[in-house]
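> As you go down the protein sequences, you meet chains E and Z in turn. Residues 1 to 228, numbered by my numbering, are exactly what the first sequence covers, in order. Residues 1 to 254, numbered by my numbering, are exactly what the second sequence covers, in order.
Just so you know, the hints here were simulated from the structure itself, not pulled from any lab data. Misleading hints may appear alongside valid ones.
Claimed, not checked - When the alpha-carbon atoms are kept at most 25 Å apart in a straight line, the in silico SDA-like pairs for lysine to any residue are as follows:
1) E:116 - Z:9
2) E:82 - Z:27
3) Z:36 - E:143
4) Z:44 - E:106
5) E:116 - Z:51
6) E:116 - Z:23
7) Z:43 - E:119
8) E:116 - Z:10
9) Z:60 - E:82
10) Z:36 - Z:58
11) E:143 - Z:18
12) Z:60 - E:105
13) Z:43 - Z:175
14) E:116 - Z:24
15) Z:101 - Z:200
16) Z:44 - E:143
17) E:82 - Z:233
18) Z:60 - E:197
19) E:116 - E:63
20) Z:44 - E:82
21) Z:101 - E:82
22) Z:205 - E:197
23) Z:60 - E:143
In this text, all values refer to a predicted model and were calculated from it rather than measured experimentally.
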Amino acid sequence: MSTETAEKVLEEKKDVEAFLSKRRKKLITDPLVDDNPITIQVLGICSALAVTTQLQPTMIMALSVIFVIVMSNLVISLLRNKIPSRVRIIVQLAIVATLVTLVNEVLKAFAYDMYKELSVFVGLIITNCIVMGRLEAYAMGNKPYDSILDGFGSGLGYSWIILAVAFFRELLGSGSLFGVPVYDAISGLIGEDFNLATNGLMVSPVGAFIILGLIIWVQRSKTGYVEH
Amino acid sequence: MQQSNAYVITFSVVLTIILGLLLSGTSEVLKPIQQKAEALDTKKQILGAVIPAEDIEAMKPDEIDAFYESRISSMVVNIDGEEVTEVGGSAITAESVDVSKNYKKAPEERLYPVFIFHAEGGPEDVASYIFPVYGNGLWDNIWGYLALQTDVNTIEGVTFSHAGETPGLGARITSRDVQSRYEGKQIFDDSGNLVSVDMQKGEGKDYSGEEHKVDGLSGATITAVGVNNMLKNYLKSYRSYIDKIKEGNQVALN
């Protein structure tokens, strides 16, 4: 479907780049694996460890980060020729902080339980290096639409890693997924005597380190990435 | 690109004004919804001390409000157990008393809300007394609600919340598993001294025969001590009120 729309746009305006050209697709797909913010750039580790004990808060965190990255990339990119270069970091910070506060306020109003659990970590999105990194490295020098794609890609790259970590931590640590008791269901299927023990290590941040380490190991052995 | 100082200052001022307006605007718009969410959360915590958490989860916000209206009556008492209905000329209700703010005052000056769980439509037919408690954990404040049965001695149930205890360790005080350890324990000893209930050091021992001890939290001894102090302090403050209920019970028996 995407190729169809792309062709149409090409026919109409030959000199305009396709809506989702190869280069633009790369903006989204690169951060998923080859240039993943967590596993390759090793940014945003703090929140990856802190919020991932259960899937549901992790999901909210992931959506919040995607929202903040995309919106701040857009705003900074729109303003990129207006922002005085001497105060650009403060301007970026002010815009990110505003967006994060908005997310926090909305959570407080509409998902109070999540707000109670996440408020500290949502606040810390301000200092999440992925957000500032994309603003400084990309949005300051590129057009708004490209910046949105770039932010979305980085956000997704961050999200799938923390969701993967949360999946294993909740399953092994609490025996459930999205709060649904999976272990109990398995015991129910096989018989009362079949008891799966939950692993307390997975609930503590140490568990996140181990899972994250394993993910990085698997990924690097596949892609052959080596740190220089 | 080199900009003049005037441009930099103007840009900063304009940006600050825009962002400031945006934030205060959102805050104003969302405030009523947020306050409603907070009030609902408090009701959930109060009810959590007397009915199972699963039942509360299953209820919709409207149902929780209705249930709370029909089953909980409340009052405010002072350290001497006397009912307080107004402060400085304005009427107060238990729901409007901020326990965390009162915690900062000296115990003698605090206001103490009491929530009474009663049978539907019969405020006289008391099922349990619910007392808010507040204290310090390891990293930040902890608080909760303690429900006592009509003998004002046996614990019906507790709920605990925390602001920043360590996930997986101290934060376990919010888990059903830990809170259920308090059920059926007693706060007075046989000779009528207030001894409260203490969480022990270490975890995994069986304290089912001991009325004033519950199993501890492995790896979270400081949080456990915080919980113990919190219960002890507030039970001490509610002591006069509890004694009054006891006297009332005696009269009713005679």
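> Next, verify each hint and record whether it holds.
A quick look at each hint next to the structure:
no. : hint          : result
1   : E:116 - Z:9   : 38 Å, violated
2   : E:82 - Z:27   : 28 Å, violated
3   : Z:36 - E:143  : 42 Å, violated
4   : Z:44 - E:106  : 21 Å, holds
5   : E:116 - Z:51  : 22 Å, holds
6   : E:116 - Z:23  : 20 Å, holds
7   : Z:43 - E:119  : 20 Å, holds
8   : E:116 - Z:10  : 38 Å, violated
9   : Z:60 - E:82   : 49 Å, violated
10  : Z:36 - Z:58   : 19 Å, holds
11  : E:143 - Z:18  : 23 Å, holds
12  : Z:60 - E:105  : 22 Å, holds
13  : Z:43 - Z:175  : 18 Å, holds
14  : E:116 - Z:24  : 21 Å, holds
15  : Z:101 - Z:200 : 29 Å, violated
16  : Z:44 - E:143  : 48 Å, violated
17  : E:82 - Z:233  : 59 Å, violated
18  : Z:60 - E:197  : 33 Å, violated
19  : E:116 - E:63  : 17 Å, holds
20  : Z:44 - E:82   : 49 Å, violated
21  : Z:101 - E:82  : 46 Å, violated
22  : Z:205 - E:197 : 19 Å, holds
23  : Z:60 - E:143  : 46 Å, violated
Comparing the model with each numbered hint stated earlier shows that hints 1, 2, 3, 8, 9, 15, 16, 17, 18, 20, 21 and 23 do not hold.
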